[in-house]
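Now for the letters of each chain:
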Amino acid sequence: MKGMLNRKLIAAAAGLLIAAALPAAGLAADTIKIGVAGPHSGDLASYGLPSVNAAKIVAEKINAAGGIDGKMIELLIEDTVCKPEVATNTATKLVSDGAQLVLGGICSGATKAALPIYNNAGILVMSPSATNPALTQSGDYPNFFRTIAPDDAQAQLDVDFALNTLGYTKIAVVHDKGDYGKGFAEFAKKFLEESGKAEVVLFEGVTPGAVDYSAIVQKIKQSGAEAVMFGGYHPEASKIISMMKKKRLDTTFISDDGVKDQTFIKVAGESSEGAYASGPMDTSSNPLSIQAVQEHKDKFSADPGAFYENAYSAMLAMTNAVAKAGSTDLAELKKVLQTEKTDTPIGSISFDEKGDAIGVGFSVYQVKDGVFVELK
Amino acid sequence: MFTFPEIKRSFFISLWFVFLTFPIMVVRVNSIEKTVHWRWENIFYVAVGSFFLSMIFRYFLHRREMQSSEDSEKEDGTGQSFIHDLLANPVYRNTLGSALMIFAIAFPFLFSTYQTNIMTTALMYVVLGLGLNIVVGLAGLLDLGYVAFYAVGAYTYALLHYNFGLGFWVVLPIGGLLAALFGILLGIPVLRLRGDYLAIVTLGFGEIIRLILENWGSFSQGPSGISNIARPALFGIDMSLNTAIVYIYYIMIIFVIITIFFVNRLQDSRLGRAWIALREDEIACQSMGIDKMKTKLVAFSLGAFWAGIIGVVFAAKTTFINPASFTFLESAIILSIVVLGGMGSIIGVIIGALVLILLPEYLRALSEYRMLAFGAILVCMMVFRPQGIIASVRRTYKYTPQNREEGL
Amino acid sequence: MDYFIELLFSGLTRGAIYALIALGYTMVYGIIGLINFAHGEIYMIGAFTAFIVATVLSILGFPALAIIVLAGLAAVVWSASYGYTIEKVAYKPLRHAPRLSPLISAIGMSIFLQNYVLLAQTSDFLPFPRLIPDFHFMEPVAHIVGTTDLVILVTTTIVMILLTLLIKYTRIGKAMRATAQDRTMAMLVGINVNRIISVTFIIGSSLAAIGGLLIASHIGQINFYIGFIAGIKAFTAAVLGGIGSIPGAVLGSVVLGLTESFATGYVSSDYEDVFAFSLLVLILIFRPSGLLGKVDTQKV
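So the sequences go chain by chain: U, C and F. Each residue of the first sequence is one higher than the last, beginning at 1 in my numbering. Each residue of the second sequence is one higher than the last, beginning at 377 in my numbering. Each residue of the third sequence is one higher than the last, beginning at 785 in my numbering.
Among the hints, erroneous ones may be present.
DSBU-like mimics (lysine-lysine), calculated; alpha carbons at most 35 Å apart, straight line [to be verified]:
(1) U:K368 with C:K410
(2) F:K872 with C:K384
(3) C:K410 with U:K56
(4) C:K384 with F:K1078
(5) U:K341 with U:K354
(6) U:K368 with U:K334
(7) U:K61 with C:K410
(8) C:K410 with U:K245
(9) U:K335 with U:K71
(10) U:K33 with U:K341
(11) U:K334 with U:K354
(12) U:K299 with U:K33
(13) C:K410 with U:K297
(14) U:K324 with U:K297
(15) U:K71 with U:K297
(16) U:K299 with C:K384
(17) U:K56 with U:K71
(18) U:K368 with U:K299
(19) U:K71 with U:K245
(20) C:K670 with F:K1078
(21) F:K1078 with C:K668
(22) U:K335 with U:K33
What the hints contain is simulated information worked out from the structure, not anything from laboratory work. Values in this document were obtained by computation on a predicted structure and should not be read as measured data.
Using the sequences and the accompanying hints, generate a full structural model.
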């Protein structure tokens, strides 16, 4: 308890120092401005706000350590509500305000709408959570990087796991109709059908936020599926899995990175035991990951939310690239990001030419005794 | 105002708010680690805040009541407001109009790209508001699914561009007409519903359109949306992003002017008068020989037409669309523009759109308190100016207390 | 056949959930003709209050039964207070305003309350404690009707009966009906209309709080946005049944719940809402005042 207090005091003192340092730094125009764009209000706020916290923590830490080459980090936090039209306004605002880097785009759709504007201004954008494959693979967005695996990579991993490790032949694919969940589910369905080893007995979307999921659970039961592959985020996943247990249905539950979140276990409780989810490799034993989570607990006295570690890693990768490149020029940053490795909570990462992270490594986790345990 | 009973009342109100906000503001629990975080300092903020806010709130309420009683003495609102006076005089109107015109033309050169961009958005909502104003303000049909027609326009352009490579100017009329057609298709079965039943059916229709766009992946690419939509072309000139933003801004300025002209003429036309008559009393209107169905359908499809046009512009402006832009909240915002501005009043709707669309942008300074402030402002504006910022003159003229009761 | 029965009960549970929220909508609409968009938010606040109180009490080591009762009570008290306050702040000054002004005020209130809870609490999803333990005797049928399903069904039925009795036979119920029929006339015969409206908001909000408690323990999680979707659905149900009518709200909710359940079961859950709204349109075309709504004859 005392240690907590001390740390809080230190954090507070650091905060004060930064607050005192900021205006001075602003006057000298010697700051590095990082835009943080994402949904900070509305239904998707719970996926956007954890990234804001991550950005604040990393920025504070770097500033307390003297900044990057003496330049302080200044955060420009702007709401996109995950709507394309608001995201474009946000993008022009960030460009007008002189942002040099952007952390964000939480939803793939809003990110796609905003990227041309950032690209036009030569701003590097790194997303912790936009998983649409086209963002990197289409080549339309040369300034885009991400610290999360695209939908197809995750779907491939989960499908291989379900078919080869678990040996299932009848699989129900369910998604939440969102761009993240449905993207994942469509790839999963495609890979399952291509493999020829299993049959997709059900492919359906549930309505996020619905008050009850018993009908879809009964339908899964009726379909005779051995496993449910779910594409989407943890709130829907925990509702479905709890409902499955309530309806005494023991079908295996396999899901994606949006579900591999401690909140999933907290909310679903005992029902989550035995569920599988894919996510970045061995984060739990990575000291940086433990540290990142602890820093969040100290500063906000709460557990971090969705994509917190991805955002934390993106901040580290971007700031590191700036430090190495000595500028915020897009071409130079890209070169550093593609060649240098950065130690982050999700692993030691660099990026490929298209902008996807290399070295994140994905593996499948299973919930055992209330924690995600990596399956080797 | 600051008499003892008033202060006492505010004191009790602040006590009440302390009680009211206690669980949400003060207690914060972590049910996993079994810890409770008591934030006692919030009691103080709530108490002081609600004390002063309640005083201000009641002061303005009091003033509003004084004003409205004065107004009714003044023999129902001739010379409703300063702005109406101003507009009644052609000299003033023309000076004001040309000043505004010059400002609008100079705008992109005076302000940053960001300002131009959000102004374009605001102008789009001006047109949307004016379009919905035909349906709600003039014809008195409460439409909660207006965004559906907007979506039809946007997807028309996106899909025609994606599949057949058609350009902005070609699709523009197609988008509008298609939306109008949807308006008629929806209108035929539902327009015989009254009041709030019509409202909920239109809400349902808006949701149905959005859900189809979301689920019918092979048609609309589902939630991942359609990207790389072309911006409007100008004789095949390749434009930089900034020029393109300015170009769309000017397109919108022209659209706004055209829309104002049309709506203004419509209002005074035979059709416009029929709408207003229909809004005020359906049965009397029918007995005057007006075809109720046809008149309503025209209103509905005209409103939809404008939404479709702006939908096309929307797709061209953001270059990416997905169903997330066409939720019920969007319809609610457009409706708020019409009501907040003053139903049936063109200037009111314009001001309403500028306020409601620019406000959240300028409230960005409040960062996380942005939407909180937006909600509060919406409530306060309605409470203090229930008839809208600029009430339609004709409307207030018609209102007598008996009408009011019936209208509820 | 088993599948049919399973879907039937899924639909009934869903319908009962909608009904708890729809009753509040329909009461408020019946009295002042306002679509109270903030009603969903009151339900959300009820769930939050119950969550906070239940967690605090369980940390303090209260027995399970006491937690249920006290959390439920707190949810009711605070939700009712919110309902009462919202009416006084956002709707009462608009009593004589144009018809749509209170509607916009309600939308503003809804946005305000969502963000208030978002800022004061958290944006994250919170695990709602399982307040209702599994009954042992339910085990053989648990795959069809769970314990919480049963509790929700029973509660909704009781609430509906009590509410009907209240409206039909008590003094306040009579005053409410009188106010709903003709406010000016009610005032003339000595009914304190403002008080009746307040009472309506308090009762409606209390029902939403009970709904919040039950639904949150049914789905096991809450966040600041749960009120919005549930609110829209409940409102749809209220209109379907004939807005302003109490049995209508329940009937509409059940019809809506069953439609969604069977649409999911036999067609596809992708289009469950499309089915729900299409049904609404269809029913309103043939019965323009909803299933049990009174057909207004227009006065000339």
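Here is what the structure says about each hint:
Restraint check for K368 (chain U) and K410 (chain C): satisfied, since their Cα atoms lie roughly 21 Å apart, inside the 35 Å limit. Of the pairs offered as hints, the one joining K872 (chain F) and K384 (chain C) holds, with about 18 Å between alpha carbons and a cut-off of 35 Å not exceeded. Proximity of K410 (chain C) to K56 (chain U) is assessed by CA-CA distance (about 27 Å); at most 35 Å being required, the pair is judged to hold. This hinted pair does not check out: K384 (chain C) and K1078 (chain F) have alpha carbons roughly 46 Å apart, beyond 35 Å.
Proposed proximity of K341 (chain U) and K354 (chain U) is supported: the alpha carbons are some 16 Å apart, at most 35 Å. This hinted pair does not check out: K368 (chain U) and K334 (chain U) have alpha carbons roughly 40 Å apart, beyond 35 Å. In summary, the hint linking K61 (chain U) to K410 (chain C) is supported, as the alpha carbons are separated by about 29 Å, within the 35 Å threshold. Between the alpha carbons of K410 (chain C) and K245 (chain U) the distance comes to roughly 25 Å, so the proposed pair stays at or under 35 Å and holds.
For the hint linking K335 (chain U) to K71 (chain U), the alpha-carbon distance of about 21 Å falls within 35 Å, and the restraint holds. Between K33 (chain U) and K341 (chain U) the CA atoms are separated by roughly 23 Å; this keeps the pair inside 35 Å, and the hint holds. For a cut-off of 35 Å, the pair hint linking K334 (chain U) to K354 (chain U) stands: about 10 Å separates their Cα positions. Annotation: proposed proximity of K299 (chain U) to K33 (chain U) holds, straight-line Cα distance about 22 Å (limit 35 Å).
In summary, the hint linking K410 (chain C) to K297 (chain U) is supported, as the alpha carbons are separated by about 14 Å, within the 35 Å threshold. This hinted pair checks out: K324 (chain U) and K297 (chain U) have alpha carbons roughly 30 Å apart, not beyond 35 Å. Using a Cα cut-off of 35 Å, the hinted pair K71 (chain U) and K297 (chain U) holds, with the two alpha carbons roughly 27 Å apart. In summary, the hint linking K299 (chain U) to K384 (chain C) is not supported, as the alpha carbons are separated by about 40 Å, beyond the 35 Å threshold.
The hinted pair formed by K56 (chain U) and K71 (chain U) meets the criterion: a straight-line CA distance of about 16 Å does not exceed 35 Å. For the suggested pair K368 (chain U) and K299 (chain U), the alpha carbons sit about 29 Å apart, so the restraint of at most 35 Å is met. Restraint check for K71 (chain U) and K245 (chain U): not satisfied, since their Cα atoms lie roughly 54 Å apart, outside the 35 Å limit. Annotation: proposed proximity of K670 (chain C) to K1078 (chain F) holds, straight-line Cα distance about 27 Å (limit 35 Å).
Of the supplied pair hints, the one linking K1078 (chain F) and K668 (chain C) holds, its CA atoms being roughly 23 Å apart against a limit of 35 Å. The straight-line distance between the Cα atoms of K335 (chain U) and K33 (chain U) is roughly 20 Å, inside the 35 Å bound, and the hint therefore holds.
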